[in-house]
Amino acid sequence: MENVVIAGSGPAGLTAAIYAARGGLNPLVCEGLSPGGQLTVSESVENFPGFSDPVSGTDIMKKMREQARRFGAQFKKGSVNSVTQSDNCFDLYADKDRVKTKTLIIAAGAEARRLDVPGEARFYGRGVSGCAICDGNFFRDKDVLVVVGGNTAIQDAIFLSAIAAKVTTIHRRSHFRADACEIDRVKKIPNIQWLAPWVVEEIRGNDVVSGAVLRNSESEEERTISCDGIFVAIGHTPKTEAFRGMVEMDNEGYIKVHAKSTATTTQGIFACGDVCDSIYRQAVVAAGQGCMAALDVQRYLRKEI
Amino acid sequence: MLQTDLKHVTTEEEAKRLIGENPFVMMCCGRMGPMCIPVYEIMHQLETRYSHVVFGDMDFDMPEARFIKVLPECRSFMGLPFTVYFKNGNVVRATSSIQTEDEIVAILDEEFSEGIKK
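Top line first, the protein sequences correspond to chains B and P.
The first sequence lines up with residues 2 to 306 when you count with the working numbering.
The second sequence lines up with residues 555 to 672 when you count with the working numbering.
Chain B with its partners taken away, still in its complex shape (with noise of 0.2 Å):
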């Protein structure tokens, strides 16, 4: 039987293995259907603290990874896709497999949200995109849209202004959650261009996007836009799925933890990072909860907690 499961293999999950695996309990670390978690989509990364000059999120997540592993946890690919609880363990049901564990970190992060606007889905891979480094390229001199919220966001707006003829930055609030210098920056590239507080309705097009069809959020003008490209980064929804019936959670699925800690409301399950954080969403808090969670398995084990 496992000492801990942690089910996840971002900054959350990646920094409980090291403190669990320094803590000598060997952890288990279920990497997830996307190893390293939402940062590897970061081409920069800027403010995480310890590196000086940008540094691509991939890079600091295989820098976590080695970390965990060299200091003894082990890695298995796949998702915990399902768990149930028996006298003191549970059962995970990972991949193929079955796995026995006295405690569990969950820590699966969060997946990208869509628009949900008509079209979205039929132009899904024919000019709608999630991810701007993976597809970026097939928009060589074209004309995109980017539908931002924050940092993120503003880093794939500058990643494509490299590539595309122009890009076009839609918000649906006057005031941009991004940091300052990120905005100050992206202001700056001639072929960016900003148009706030507008949503999109719709998505047109025949085989490939074409256009879409804008809403002014405060006056309720419509008008319609051509573009080649539309990159959806508006921020991310829990990956709570496979542990409801197991654990609390809010209305929007975030996993409910006791204050200063990250101890859930079933005994021997903890939770850290974006699975139960709807305010900060940053890759530095969910390390330092994952770090929290670690210590509170070790603290549970010892039956301390």
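The set of hints was computed from the structure by calculation and includes no laboratory data.
We treat Cβ as the ideally placed atom computed from N, Cα and C, and that holds for glycine.
Misleading hints may appear alongside valid ones.
Listed below are the simulated DSS-like cross-link pairs for lysine-lysine, each with C-alpha atoms no more than 30 Å apart in a straight line [unchecked claim]:
1. K78(B) <-> K561(P)
2. K97(B) <-> K561(P)
3. K641(P) <-> K97(B)
4. K167(B) <-> K641(P)
A few chain P residues facing chain B, derived, Cβ under 7 Å [unchecked claim]:
5. G574
6. N576
7. P577
8. G587
9. M589
10. I591
11. E595
12. Q599
13. L634
14. A648
Quick list of the computed label-pair ranges, beta carbon to beta carbon [what the hints assert, rightly or not]:
15. I306(B) <-> M555(P): 33 to 39 Å
16. T565(P) <-> A181(B): 48 to 54 Å
17. N217(B) <-> E657(P): 43 to 49 Å
18. V659(P) <-> G73(B): 34 to 40 Å
19. E657(P) <-> R99(B): 40 to 46 Å
20. H176(B) <-> S667(P): 47 to 53 Å
21. V645(P) <-> N217(B): 41 to 47 Å
22. D185(B) <-> T564(P): 45 to 51 Å
23. D251(B) <-> S667(P): 47 to 53 Å
24. D208(B) <-> H562(P): 28 to 34 Å
25. E202(B) <-> K570(P): 41 to 47 Å
26. T266(B) <-> D615(P): 45 to 51 Å
27. R123(B) <-> E664(P): 44 to 50 Å
Starting from the structure of chain B, add chain P where the hints point.
This is chain P only, laid out in the frame that chain B set:
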């Protein structure tokens, strides 16, 4: 070569032989990126359930992957990975960009169900 647990296809000749010799083939052509890796992982998880299907991958950046990129079914694709379903040597479905397990299972059940042993 992609770091997956799927059958790696590295040449056009190998791909064509695989498609010719096996009635049901699902081929995913991508990179090791966040839109592609989930599809590889789902395919790997489905290998036992769909034992009559060959699940293969191909590196999108290899020149040999051109034969996937120029398929008429993939001509309008603008999102990685390109996933193509071959039945008896012919393309029956193709998808662009990330797919969920439910979406992949729906296609496998619709297109490849006749291969399941009763």
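Hint-by-hint comparison with the structure:
no.: 1; hint: K78(B) <-> K561(P); verdict: holds, 16 Å
no.: 2; hint: K97(B) <-> K561(P); verdict: holds, 18 Å
no.: 3; hint: K641(P) <-> K97(B); verdict: holds, 26 Å
no.: 4; hint: K167(B) <-> K641(P); verdict: violated, 41 Å
no.: 5; hint: G574; verdict: violated, 27 Å
no.: 6; hint: N576; verdict: violated, 22 Å
no.: 7; hint: P577; verdict: violated, 24 Å
no.: 8; hint: G587; verdict: holds, 5 Å
no.: 9; hint: M589; verdict: holds, 5 Å
no.: 10; hint: I591; verdict: holds, 6 Å
no.: 11; hint: E595; verdict: holds, 5 Å
no.: 12; hint: Q599; verdict: holds, 6 Å
no.: 13; hint: L634; verdict: holds, 5 Å
no.: 14; hint: A648; verdict: violated, 10 Å
no.: 15; hint: I306(B) <-> M555(P): 33 to 39 Å; verdict: violated, 47 Å
no.: 16; hint: T565(P) <-> A181(B): 48 to 54 Å; verdict: holds, 51 Å
no.: 17; hint: N217(B) <-> E657(P): 43 to 49 Å; verdict: violated, 34 Å
no.: 18; hint: V659(P) <-> G73(B): 34 to 40 Å; verdict: holds, 36 Å
no.: 19; hint: E657(P) <-> R99(B): 40 to 46 Å; verdict: violated, 26 Å
no.: 20; hint: H176(B) <-> S667(P): 47 to 53 Å; verdict: holds, 52 Å
no.: 21; hint: V645(P) <-> N217(B): 41 to 47 Å; verdict: holds, 43 Å
no.: 22; hint: D185(B) <-> T564(P): 45 to 51 Å; verdict: holds, 46 Å
no.: 23; hint: D251(B) <-> S667(P): 47 to 53 Å; verdict: violated, 40 Å
no.: 24; hint: D208(B) <-> H562(P): 28 to 34 Å; verdict: holds, 31 Å
no.: 25; hint: E202(B) <-> K570(P): 41 to 47 Å; verdict: holds, 45 Å
no.: 26; hint: T266(B) <-> D615(P): 45 to 51 Å; verdict: holds, 47 Å
no.: 27; hint: R123(B) <-> E664(P): 44 to 50 Å; verdict: violated, 18 Å
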